[in-house]
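**Student:** The chain contents come next:
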Amino acid sequence: MSENINYMTYPDGYKKYAETLTAISDQQEAREAFLLSFAKTILIR
Amino acid sequence: METKDLLKSRISAYKEAVKYEVEPKNIILQASVFNWRYLDAGCNLNDALTDYDVMYDANVRFLKKYTHDAYIELGWRNPLRVTRSVGNNTWIINEAGDELSIKDNVFMEDNEYDELIAGPMKFFWEKVIPRKSTYLQRTDCKKYLDAGVEAHKEFGAYLKRISKTASENFGVAGYTSTYETVLGSYNPGHELIFNVLRGMKNSAIDMRKQPDKLKDAVESIEHEFMDPIFDTLYTHQNGTDPNSYVDQQQVMLSHSILNPKQFGTYYWPYLQKLARYAEEKDKLIFVFLESDTERFWDYFAELPKGHFVFALELDNLGKMKKALPNIALIGGMPTFLMGNGTPEQCIDKCKECLDLYAPGGGYLMSFDKTFAFKNDAKPENLEAVCNFMAKQW
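Protein chains in written order, with our numbering: chain A, 1 to 45; chain B, 1001 to 1393.
No lab work stands behind these hints: they were computed from the structure.
Here are the simulated lysine-lysine pairs, BS3-like style, with alpha carbons at most 30 Å apart:
hint: 1; chain 1: A; residue 1: K15; chain 2: B; residue 2: K1143
hint: 2; chain 1: B; residue 1: K1351; chain 2: B; residue 2: K1065
hint: 3; chain 1: A; residue 1: K15; chain 2: B; residue 2: K1160
hint: 4; chain 1: B; residue 1: K1164; chain 2: A; residue 2: K40
hint: 5; chain 1: A; residue 1: K40; chain 2: B; residue 2: K1127
hint: 6; chain 1: A; residue 1: K40; chain 2: B; residue 2: K1281
hint: 7; chain 1: A; residue 1: K40; chain 2: B; residue 2: K1142
Here are some of the chain A residues that sit facing chain B, going by a computed Cβ distance under 8 Å:
hint: 8; residue: Y10
hint: 9; residue: Y14
hint: 10; residue: L21
hint: 11; residue: T41
hint: 12; residue: I42
hint: 13; residue: I44
hint: 14; residue: R45
Computed from a predicted model, the values in this text were never measured in an experiment. Beta carbons: idealized from backbone N, C-alpha and C, even for Gly.
Take the sequences, apply the hints, and build the full model.
**Tutor:** Set out below in structure tokens:
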């Protein structure tokens, strides 16, 4: 299914991608917090 | 002294210097060393910055050989494995593997301010991040996002590991409050526009050609990214974190292209926000103050006493200490001397700094330029300074 989703859209693709990060947490809020930290890193650095 | 006692003593001495409440018995020596430590360990920067075992070993060697009381950087500055995994190659290592540099990149066009103002996160995720991290432009971008997330996770594990070792084996605390770091450090909108979006040259042009849009963009970034962080921080307990030197840290660089009036427009309102937080919640703020800032000292004089500590690069420490008795200062040691002097000359300079700046509090010792290149410091000079300063504990 993932090949049909454009993950580089916001907020839909971003949230969908966060949903895939089940190894990070079973909570969507925690997954989005982790994704935000990652996004900030690749934005700033 | 036992390691855990040393850790507590160092945190106390640091906070005492910043708060100006009592004159600290000991003066903190803060490391001002970036990639020099990898080169001193004989590493190629390509290995040291992408292999976390190499990075860890080089940092442990540095902690063992050069005893400082505080380290602002033990590997977080250049997460190359993370950025490279998504196709971001803005950081360049030379062929010999001993120099790291960055170009004045531009990832936003001059006609895109409205889009940025309307939704910073949407603009970053859809436009800026894929321009910077080119693999994310591909249709199969998920596999690169997965690789980036994995590298980010591994990087976090490395930072946790080195931080634990520094604390347990060397009596050195994490620099910034873990709680506040996880929540998000303060990163002013103007810095983001200058460092990431428009670059040095275009930021200067935008101030003349579209000043209102620039101001709106700074406000919009602040509103989307910083306001939620401050909202949470205000609900947290009062007082400085007893397990770290400071609570928040900020790097100031984009002020280097501003005059005092522009600073008042694009930067000062956001520094005031941080100052209000520091005063109301009794927090300590570290600012890595690049370039020279004398033209802004009238602003800095308004910062609450006992809450800010500035690490200086080009400012004259003696002059600044007299002009700004509200701010603690880090510096005094010329990096040029570390690279060109003798151990005796370096120790004499240490003594001079202690005599001149330590009385009355508000002083922590460090070097004016960070050591990035092999010749920035002779190992024997740094060892001599570290050993001299370590005797006080």
